[in-house]
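If you're matching them up, the sequences are chains A and B in order.
If you're matching positions, the first sequence starts at 59 in my numbering and goes up one per residue.
If you're matching positions, the second sequence starts at 337 in my numbering and goes up one per residue.
Don't take every hint at face value.
Stated by the list, open to error - Only pairs whose alpha carbons sit at most 25 Å apart, straight line, appear in this in silico PhoX-like list of lysine-lysine: (1) Lys434/B / Lys260/A; (2) Lys421/B / Lys273/A; (3) Lys418/B / Lys124/A.
Since the hints were made in silico from the structure, they are not lab data.
These figures come from a predicted structure and were not determined experimentally.
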Amino acid sequence: MKPSLRQFILAAAASLAVNTFAPVPGLAQTQTASSKSDQWIHVRVESKDDGGETVRVNVPVDMAVKVLPAIKHQPLHDGKVRIDNGHMDDVDLHTILDAVRSAKDGEFVTVQSHENDVRVAKSGGYLLIHVTEKNHADKEAKESENAEKHSKHANSRESKVEVKVPMKVVDALLSAGKDELDIVAALRALSSYGDTELVTVKDDDNTVRIWVDSKNVSD
Amino acid sequence: MILLAKVGIGLGATLALTAGWVLHEGVIRIDVDEAKPDGAHVHFWVPATTVSAGMHLAPRHSLQQAAAQARPFLPVLREVAKELKKYPDAELVDVRDKSNHVRVAVRDGRLYVDAVTEDGENVHVSFPAETLSDVADGLEEASPGI
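Model the full structure from these sequences, guided by the hints.
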């Protein structure tokens with residue numbers, strides 16, 4: 059075989075091997091990067107009705123940080139959500155936040171009534187909001203035509219909402235200025251925290267959980 | 337004779353390189369199965385490289401129409417494609433009830449969409465995440481500056 063032909067075949071075989079087995083650019087490097095401490099935000103909704111629907115969403119926080127600014131669809135733009143002025147005219151969120159930030163740990167709001175228990179507190183650098191809606195089925199039952207049917211279960215029905223957000227995340231969320239929530243900044247702040255249970259909603263029909271951890275799958 | 341051999345080897349090497357490139361770029365796989373007696377069974381694999389070629393061949397006005405509708409989401413598609421390649425195997429979305437199951441997952445830089453419905457219809461689509469970017473580029477090219 060002539061040397062030029064042999065070289066040609068060798069070059070062709072080498073190119074073929076390189077093309078076929080070369081890793082996808084960036085994959086190896088990023089898998090190493092992702093193994094360090096990438097945080098994932100998880101949402102799980104479980105319905106207890108007959109259909110037994112379950113929704114699980116797992117998204118890398120970094121991916122959300124990169125993708126959100128690309129979405130330009132009101133009220134979301136550049137990773138920020140505009141708050142409707144009509145709902146915020148009488149409330150200065152930044153002033154309230156400043157007050158909460160500078161305050162010591164403790165309970166700021168406690169409301170206990172027959173219908174609801176509300177607790178807003180600051181503890182260990184976290185803002186905690188707990189709301190328990192009691193006997194909401196009782197109200198529904200009174201309003202509906204099937205009052206008797208519903209009232210049988212009224213006493214056992216309650217809905218619980220628990221929100222736990224690091225204060226730094228709240229700061230970041232409100233860092234965009236008045237009338238805007240900076241979702242991307244909040245996610246960046248969130249990614250620096252470890253495993254965090256953000257939101258839990260439980261009632262007789264549904265369970266909703268939103269949390270952050272370093273696993274790429276739900277529990 | 338030697339000339340013919342050279343031409344043959346040249347063609348063979350070109351084909352091999354093309355096949356290597358197509359394999360490297362990945363394939364789009366579509367499987368549709370209907371679980372009923374006369375149900376359809378569609379299974380095909382298409383090289384992902386044909387997406388950009390196909391977009392050049394598609395009717396211009398249809399592409400422009402699609403581009404006009406999709407334009408707000410093109411940057412999102414590109415970002416998603418870029419980011420998906422960075423993450424290891426993951427289940428992004430999983431929705432199920434007693435009779436239906438929809439799942440979107442990423443595995444080795446490929447996006448998998450699987451749907452199993454109550455009627456016994458199974459749809460499985462998988463494609464390289466990079467294809468999303470190619471589609472965005474094709475649509476952008478079809479109607480620049482809309």
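- Message: Taking the earlier hints as the rules, which of them does this structure contradict?
- Response: none
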